[in-house]
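Turn these sequences into a full structure, and let the hints guide you.
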Amino acid sequence: MSQTPEEKSKHLDEMTCLLYIERQLDRARGLEVSAHTQECVACRTLLRAMERESRLLTRAMLEEDEPLPSRLAQFQEKARRSMQWIWGLVFGLAATGVYAFYTQYILLWQTQLEQAGFGGSNLLGLLIFQGTMWKGWQSVITLLEVLAMLTLAGLGALVFRRRIRRGSALALVFAGLCTVVSMPPAASATEFRKGQSPTVNKDEIIKGDIYLSGERVKIEGRVEGDVFAAGKDIEINGQVTGDVISAGRYLQVRGTVDGNVRSAGNTAVISGSVGKNMMWFGDVVTVESTGKVGGSVTMFGDSLAIDGHVGRDILFFGTGINVNGAVEGGIREKGHTLIIGANAQVGGPIHFEGDKPAEVSSSAKLASPVEFKQMEHRKEYRDSSYYIWQVIWASAYILFGLVLFALMPNFSEEAVKATEQYGAAAGLGILVGCGLPIAALIACVTVVGLFIGISTLFLWYAALHFGQIVVAALIGQWLMGRTQEIWPLVGRMVVGFVLLRLCTMIPHVGWVFKYGAAFWGIGAISLVVYRRLQPVIAPGMPSGPYTPPLPPSTTMGGVQPA
Amino acid sequence: MSAPGTMEPTEVIARARAGDAEAWGQLYHDYAPAIFRFCRRALPTREDAEDATMEVFMKLRGKLNQYDTTRSFTAWLYKVAANHCWDSLRRRRTRQDKETGDLENVPLEHPDPSQLERLIEQRTSEEVRKALEKLGARARMALVMRYYSDMSYDEIADALGVRRAFVGVVLLRARHELRQALEGGSALAAGGAS
Chain S
1 MSQTPEEKSK HLDEMTCLLY IERQLDRARG LEVSAHTQEC VACRTLLRAM
51 ERESRLLTRA MLEEDEPLPS RLAQFQEKAR RSMQWIWGLV FGLAATGVYA
101 FYTQYILLWQ TQLEQAGFGG SNLLGLLIFQ GTMWKGWQSV ITLLEVLAML
151 TLAGLGALVF RRRIRRGSAL ALVFAGLCTV VSMPPAASAT EFRKGQSPTV
201 NKDEIIKGDI YLSGERVKIE GRVEGDVFAA GKDIEINGQV TGDVISAGRY
251 LQVRGTVDGN VRSAGNTAVI SGSVGKNMMW FGDVVTVEST GKVGGSVTMF
301 GDSLAIDGHV GRDILFFGTG INVNGAVEGG IREKGHTLII GANAQVGGPI
351 HFEGDKPAEV SSSAKLASPV EFKQMEHRKE YRDSSYYIWQ VIWASAYILF
401 GLVLFALMPN FSEEAVKATE QYGAAAGLGI LVGCGLPIAA LIACVTVVGL
451 FIGISTLFLW YAALHFGQIV VAALIGQWLM GRTQEIWPLV GRMVVGFVLL
501 RLCTMIPHVG WVFKYGAAFW GIGAISLVVY RRLQPVIAPG MPSGPYTPPL
551 PPSTTMGGVQ PA
Chain F
1 MSAPGTMEPT EVIARARAGD AEAWGQLYHD YAPAIFRFCR RALPTREDAE
51 DATMEVFMKL RGKLNQYDTT RSFTAWLYKV AANHCWDSLR RRRTRQDKET
101 GDLENVPLEH PDPSQLERLI EQRTSEEVRK ALEKLGARAR MALVMRYYSD
151 MSYDEIADAL GVRRAFVGVV LLRARHELRQ ALEGGSALAA GGAS
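Sequence lines, in order, name chains S and F.
Quick note on numbering: the first sequence equals residues 1 to 562 in the numbering used here.
Quick note on numbering: the second sequence equals residues 1 to 194 in the numbering used here.
Keep in mind the hints are simulated off the structure, nothing from the lab.
You may find that some hints are simply not true.
Said to hold, decoys possible - As a list, the in silico PhoX-like pairs of lysine-lysine whose alpha-carbon atoms are at most 20 Å apart:
no. : chain 1 : residue 1 : chain 2 : residue 2
1   : S       : Lys334    : S       : Lys373
2   : S       : Lys232    : S       : Lys194
3   : S       : Lys417    : F       : Lys130
4   : S       : Lys356    : S       : Lys373
5   : F       : Lys134    : S       : Lys417
This is how it looks when you write it as structure tokens:
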């Protein structure tokens with residue numbers, strides 16, 4: 001149907017036809033078009049064709065040609081469960097945190113208070129420990145555990161009352177916690193002993209690990225495994241073929257420990273033998289003249305006195321060391337004082353960073369002179385090297401981020417997106433950021449194992465840094481706009497990180513930015529890890545029954561109502 | 001904009017707003033397939049559509065408090081989805097260079113109606129869907145907003161960031177692109193057959 005230019009000019013243009021069938025013309029123009037199409041066959045045909053085109057488009061788009069992908073069906077389950085999961089985890093972590101706080105700190109504080117003369121005479125002691133309910137340490141621990149659990153359960157029920165009726169996840173967490181708390185000793189080689197004075201008697205042989213807790217813990221016999229001990233006084237007069245892991249006020253090793261001693265407490269006295277290494281978090285360690293540590297001594301605390309024998313190195317952070325025995329390795333100390341007595345023998349190098357030079361007896365036998373470095377106390381941000389190091393650290397972080405973004409582009413992108421879930425990311429960040437190291441420490445000193453505990457600590461430490469990078473990428477996106485491509489995202493991360501680093505350099509408040517970003521980022525990473533760990537629905541699984549809210553058909557010709 | 005006879009899920013929305021996970025699940029169950037299809041039509045790949053569907057529902061959690069309950073929930077939801085898809089397309093700058101120019105140059109001629117009729121008669125829905133995939137981002141987005149989710153010209157203008165007066169132009173140009181894509185497919189098929 002070819003038309004001359006004159007004929008064409010008489011007809012309606014296509015734009016007018018479209019606006020007419022879509023009811024977008026004003027009333028007057030609509031009536032004109034309507035009148036024209038009564039007369040003009042070509043325009044009427046065009047209108048009909050365009051209307052049919054509209055209907056074809058609508059039909060083509062609305063047809064259900066693809067089922068809902070299983071990934072989205074899975075997401076539906078996530079949508080149902082996610083709230084419960086998050087709060088379940090929050091609750092579980094909070095309970096773990098409180099429990100860990102109690103066992104790791106409060107018990108130690110109590111013993112220290114007792115040492116300071118408050119034990120038994122202060123109000124708390126009078127009310128709880130000296131009262132009529134006093135039935136020994138174990139009953140107090142159990143009572144406080146139960147109180148903590150009940151308080152948390154009450155708070156949880158109050159906060160999550162809306163969801164608790166459907167909270168299968170919460171129920172699971174509760175059940176798990178209750179099981180852990182109330183579980184009787186498993187039928188294995190591991191033994192548990194509680195009481196006022198739990199003891200392994202002189203003629204007794206324990207084949208396997210043993211857990212002891214009480215006011216006065218004694219190992220007089222032989223333990224062919226590890227010893228986990230918690231109490232006020234811990235004495236090892238017999239033999240332990242494995243490690244000793246303890247927490248208490250006072251630890252004395254008169255006997256033999258073939259493995260390591262890893263402990264936290266106030267005072268440790270080694271007059272017997274430790275086959276491997278010793279690690280101590282606490283005030284005082286004394287290796288007496290009869291005492292021997294086959295491996296190294298690592299200490300974070302107040303003072304270390306070596307009158308006996310240490311087979312390898314000493315690493316010390318605290319107030320001071322007094323050496324009057326034999327150290328076959330070297331000494332590395334960061335503290336205030338180092339005294340090397342007349343009977344001292346040191347086989348390796350001595351590095352000492354402190355307030356004043358080491359006092360070395362002229363009779364001491366040293367493999368090399370003491371390397372002394374004066375400890376600097378001036379404010380570091382007044383030093384130009386501080387800024388150079390800031391630049392170096394910032395570059396290292398950016399490189400770290402670059403590697404992570406390149407190695408795990410999808411994960412990184414998801415983590416950056418997750419930071420925008422401000423509440424969940426920040427809340428979860430605080431909980432995971434605080435809870436994970438506590439859980440790792442618990443793992444280190446319990447049956448879970450040192451390897452898992454230390455690996456978890458490393459992961460947590462790496463996540464602290466990655467968290468800052470993730471938040472930096474978000475800050476970059478705020479400034480430079482969003483992107484889903486990886487390299488522009490890296491660019492934004494760099495810009496964001498520079499800003500973040502500048503904020504962390506602000507005196508007095510910089511740490512708030514640093515740890516705020518780190519914990520926020522950890523929360524975002526935790527969210528992504530959770531999503532990734534969700535089970536995958538089997539391929540080909542049909543999506544659930546569904547009646548879609550269909551959009552209606554759209555185009556009807558006519559005039560827009562006035 | 002809800003289907004005839006479909007009630008707006010007022011109670012479910014209220015519960016979802018209050019943080020009820022079950023209500024969220026219900027909303028997702030009811031609306032995810034439609035939103036997935038919307039995204040599938042608007043975005044280049046199935047994976048993009050899946051991602052976008054999830055992201056729209058995640059956004060919805062934060063935005064549900066902004067929803068005006070006196071208006072249609074379905075319409076509001078499509079608007080959120082449209083904004084999200086268009087943002088996503090814009091970020092990729094897919095074929096933007098081609099599209100950002102000559103909105104003013106509207107073809108004002110009168111096409112041959114019989115040729116258009118023939119073209120429409122010969123095409124199936126599946127062919128139209130395949131042709132849609134060949135369109136530029138703006139053209140496809142405009143057609144999807146108008147003919148899938150029945151969005152008004154004002155809403156389309158708002159989502160695409162153009163003046164309302166140009167929405168018709170965008171739609172008409174999109175139809176032209178679609179016709180070209182359909183004709184190209186046909187020519188290719190004929191060429192292959194001979």
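Evaluation of the provided hints:
Distance hint between Lys334 of chain S and Lys373 of chain S is fulfilled; the C-alpha atoms sit about 9 Å from each other, no more than 20 Å. Under the criterion of a C-alpha separation no larger than 20 Å, the hint pairing Lys232 of chain S with Lys194 of chain S is consistent with the structure, at around 13 Å. With a C-alpha separation of about 32 Å, the suggested pairing of Lys417 of chain S with Lys130 of chain F is violated against the 20 Å cut-off. For a cut-off of 20 Å, the pair hint linking Lys356 of chain S to Lys373 of chain S stands: about 9 Å separates their Cα positions.
Taking the CA atoms of Lys134 of chain F and Lys417 of chain S, the gap is about 30 Å. The hint is violated against a cut of 20 Å.
Violation of the numbered hints given earlier is confined to hints 3 and 5; the remaining hints are satisfied by the structure.
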